[in-house]
Amino acid sequence: GKSWDGTVANGVAATGVEGLKTIVPIGAISSWYDYYFAKGAPLYDSGPDWLSHYVNSPDARARCGHVQQRLVDGAPRTGDWTPLWEERDYVKDAHKVKASVFVVHGQQDLNVRAKHFGQWWDALAEHGVERRIWLSQTGHVDPFDFRRADWVRTLHRWFDHYLLGYDNGVDREPMADIERAPDQWSTDRVWPPRATATTTLRPGTGAAPGVGTLGLAPARPGATETFTDDPELDELDWAAHADASTPAKAGFLSRPLTRDLRLSGSSTVTVTATPTTTSAHLTAVLVDLGPDTIRDYGAAGEGITTLVERTCWGASTTGDSACFKETRAKTADVGFTVFSRGWADLGNWADAHQGRPLTPGKAHTITLDLAATDHVVPAGHRLALIIGGTDQYLIDPPATRPTLTLDLTRTSARLPLVGGAPAFLRATSGTVHRAAPRTVPPAGVTAPRPAQPIPGGSTR
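Per this note's numbering, numbering of the sequence shown is gapless, rising by one per residue and ending at 462.
Treat each hint with caution, since some may be false.
As the list claims (entries may be wrong) - No more than 25 Å apart at the CA atoms, straight line, and that leaves these computed lysine-lysine pairs for PhoX-like:
| # | residue 1 | residue 2 |
| --- | --- | --- |
| 1 | K94 | K23 |
| 2 | K98 | K23 |
| 3 | K23 | K100 |
Quick caveat, the hints were computed from the structure, so don't treat them as lab data.
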């Protein structure tokens, strides 16, 4: 099931219940805390009480006021970890899972964000759970709407094997299907690939303020960059000006790549920052700087367009039609692609589960967990790390508007590079043949729009 239904499947499997053979979570939550917060930073201006109010009938709301109040009390807007979140964290119980798991997730899902599948997948792998994964370029979209024929065929074979016991070979097929471009897929026998190695890249100062370097060498002693939180800007604004000095972000760019560079898995970014105020939120994003055609994950369909034509999949009954509208990929020509994101409240620097007021003028170090991804930065493009404050629409702003100074000698990114540090060194060496510049800048993906959080719905 998708979203809410997939979340229920994750939760049931994490109990270790007997008799459950397989689950297929699509765009599903793996820890409810991570749906509402990222290391203390609020992702929405509401909590599970709002969602409960939304899905319940007026009669249920009248009868269950005491339950509603427990949700309010157990999910404080401080972003602190509580027993309510502990009970709703399925990742910690991955060792109990007996069922096989077929994970499907949109890498640009900004409703149930990609961290959910990444941490769930890693925990399942750690405990040897039989598993498979499909990763699309879409947002919060069902595979029936982005890869229909292949999905129906694969899902039937999956259920035939795990529910009926047929030896049809589905368990010996590649573990991962990754959408590389709209409707273009590749496979991996194991995911992430065995050649993947966590590699530390370090930012350095450049020729202009806020436009630095990204490489294997450490920053020079005393190197810093400074930016001021602007809650009116988002990651698309930052990335559009990655190679220009702007006051609201610090960008760090690799050399143009001479070879493709693949990232596969989850990243972290450790930041040492000195704030001017008692509160501060941080965002870190990874950006592929270069022209491409991708699914328009920011548009209403989150990467698909629904057509008027219908096709039928199975037998219809009265009141239950098996005929559905066709879809096609909705694409956008872009000059850059933000492909992984992470957020944190700097006040959680000492304890990921509990925030505290900051001391202005004092440096604090915190690690941001970036969403899992599988992305190839092609030759001729550059890889960028951008660090900013409030990512408009994706996290709420702090109580104050800080200016933050980054200590670059104590700031770094740990990235899952296929081939590790040698692959990065090869990709950033030599001379690159640059693509001809566009005469008209690409329009890019549709900017996100604010909305209430509804698992199963859309944030767009």
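The hints, checked one at a time:
{"no.": "1", "hint": "K94 <-> K23", "verdict": "holds, 20 Å"}
{"no.": "2", "hint": "K98 <-> K23", "verdict": "holds, 13 Å"}
{"no.": "3", "hint": "K23 <-> K100", "verdict": "holds, 7 Å"}
In the structure shown, no violation is registered for any of the earlier numbered hints.
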